[in-house]
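S.K.: Just so you know, the sequences run in chain order W and X. Sequential numbering from 1 applies to the first sequence in our numbering. Sequential numbering from 1 applies to the second sequence in our numbering.
These are computed hints drawn from the structure, not numbers from a lab. Backbone N, C-alpha and C define an ideal beta-carbon position, used for all residues, glycine too. Heads up, some of the hints might be wrong.
[Stated by the list, open to error] For each label pair, taking beta carbons as the anchor points, the in silico distance ranges come out as:
{"hint": "1", "chain 1": "X", "residue 1": "E20", "chain 2": "W", "residue 2": "S100", "range": "40 to 48 Å"}
{"hint": "2", "chain 1": "W", "residue 1": "T14", "chain 2": "X", "residue 2": "K61", "range": "15 to 23 Å"}
{"hint": "3", "chain 1": "W", "residue 1": "T5", "chain 2": "X", "residue 2": "G62", "range": "35 to 43 Å"}
{"hint": "4", "chain 1": "W", "residue 1": "P70", "chain 2": "X", "residue 2": "H10", "range": "22 to 30 Å"}
{"hint": "5", "chain 1": "W", "residue 1": "T14", "chain 2": "X", "residue 2": "L56", "range": "33 to 41 Å"}
{"hint": "6", "chain 1": "W", "residue 1": "G40", "chain 2": "X", "residue 2": "N98", "range": "41 to 49 Å"}
{"hint": "7", "chain 1": "W", "residue 1": "M96", "chain 2": "X", "residue 2": "G53", "range": "29 to 37 Å"}
{"hint": "8", "chain 1": "X", "residue 1": "V11", "chain 2": "W", "residue 2": "P8", "range": "19 to 27 Å"}
{"hint": "9", "chain 1": "W", "residue 1": "Q41", "chain 2": "X", "residue 2": "Q45", "range": "37 to 45 Å"}
{"hint": "10", "chain 1": "X", "residue 1": "Q45", "chain 2": "W", "residue 2": "K13", "range": "27 to 35 Å"}
{"hint": "11", "chain 1": "W", "residue 1": "T14", "chain 2": "X", "residue 2": "P55", "range": "29 to 37 Å"}
{"hint": "12", "chain 1": "X", "residue 1": "H7", "chain 2": "W", "residue 2": "N71", "range": "25 to 33 Å"}
{"hint": "13", "chain 1": "X", "residue 1": "A1", "chain 2": "W", "residue 2": "R63", "range": "16 to 24 Å"}
{"hint": "14", "chain 1": "X", "residue 1": "V11", "chain 2": "W", "residue 2": "P70", "range": "44 to 52 Å"}
Below, each chain spelled out in residue letters.
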Amino acid sequence: DAGVTQSPTHLIKTRGQHVTLRCSPISGHKSVSWYQQVLGQGPQFIFQYYEKEERGRGNFPDRFSARQFPNYSSELNVNALLLGDSALYLCASSPMRTASGNTIYFGEGSWLTVV
Amino acid sequence: AQSVSQHNHHVILSEAASLELGCNYSYGGTVNLFWYVQYPGQHLQLLLKYFSGDPLVKGIKGFEAEFIKSKFSFNLRKPSVQWSDTAEYFCAVNPNNNAGNMLTFGGGTRLMVKP
């Protein structure tokens with residue numbers, strides 16, 4: 001079975017530009033979450049989507065947005081990129097909305113460099 | 001808001017040495033607890049998880065962790081490390097409040113095992 005797949009794996013953007021990152025969850029998983037991992041730090045929660053609705057939002061500015069499609073895949077959008085947005089963006093999927101009794105699986109991430 | 005502390009940022013051990021990585025969290029309610037490992041160039045993988053019941057949890061690759069509620073701790077242990085355990089280890093907490101599966105991660109501990 002395929003794991004959580006993310007695209008692109010690496011990309012370079014210029015300050016002020018917009019970026020869209022994509023995630024396909026494990027088949028049968030309805031929950032998708034996004035995390036930002038800055039070099040040398042642990043991942044930080046950005047969003048959770050479950051059944052196409054936002055179920056949680058971390059402490060990130062409105063430049064960050066996301067959506068989930070009917071097939072449960074998801075996009076993370078970041079507008080007006082700043083140098084500080086350079087990070088590894090991780091997508092995680094799980095079968096259910098809550099963590100109890102579930103395993104949360106992570107993809108390999110999308111490395112974003114803003115120059 | 002909850003937080004997770006991993007006090008050991010870097011640990012260097014020789015093969016066959018015993019390992020204990022500390023994890024403390026701040027959250028007043030019941031929690032789900034996780035340890036993830038990130039091998040060089042690979043994605044986050046779940047080592048073990050605690051939801052309820054026996055506070056001593058066994059995971060993959062000989063790892064175990066003990067939940068001590070009174071100390072708000074979930075330390076990771078392995079009796080005898082191998083060179084292949086060289087990786088970064090992350091502790092994560094999810095409030096068991098039926099709100100979602102958001103994980104709050106610690107800053108990570110880089111483990112280097114010398115052959």
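S.K.: Hints the structure violates: just list their numbers, smallest first.
M.R.: Numbers 1, 2, 3, 4, 5, 6, 7, 8, 9, 11 and 12 - these are the hints that the structure violates, sorted from lowest upward.
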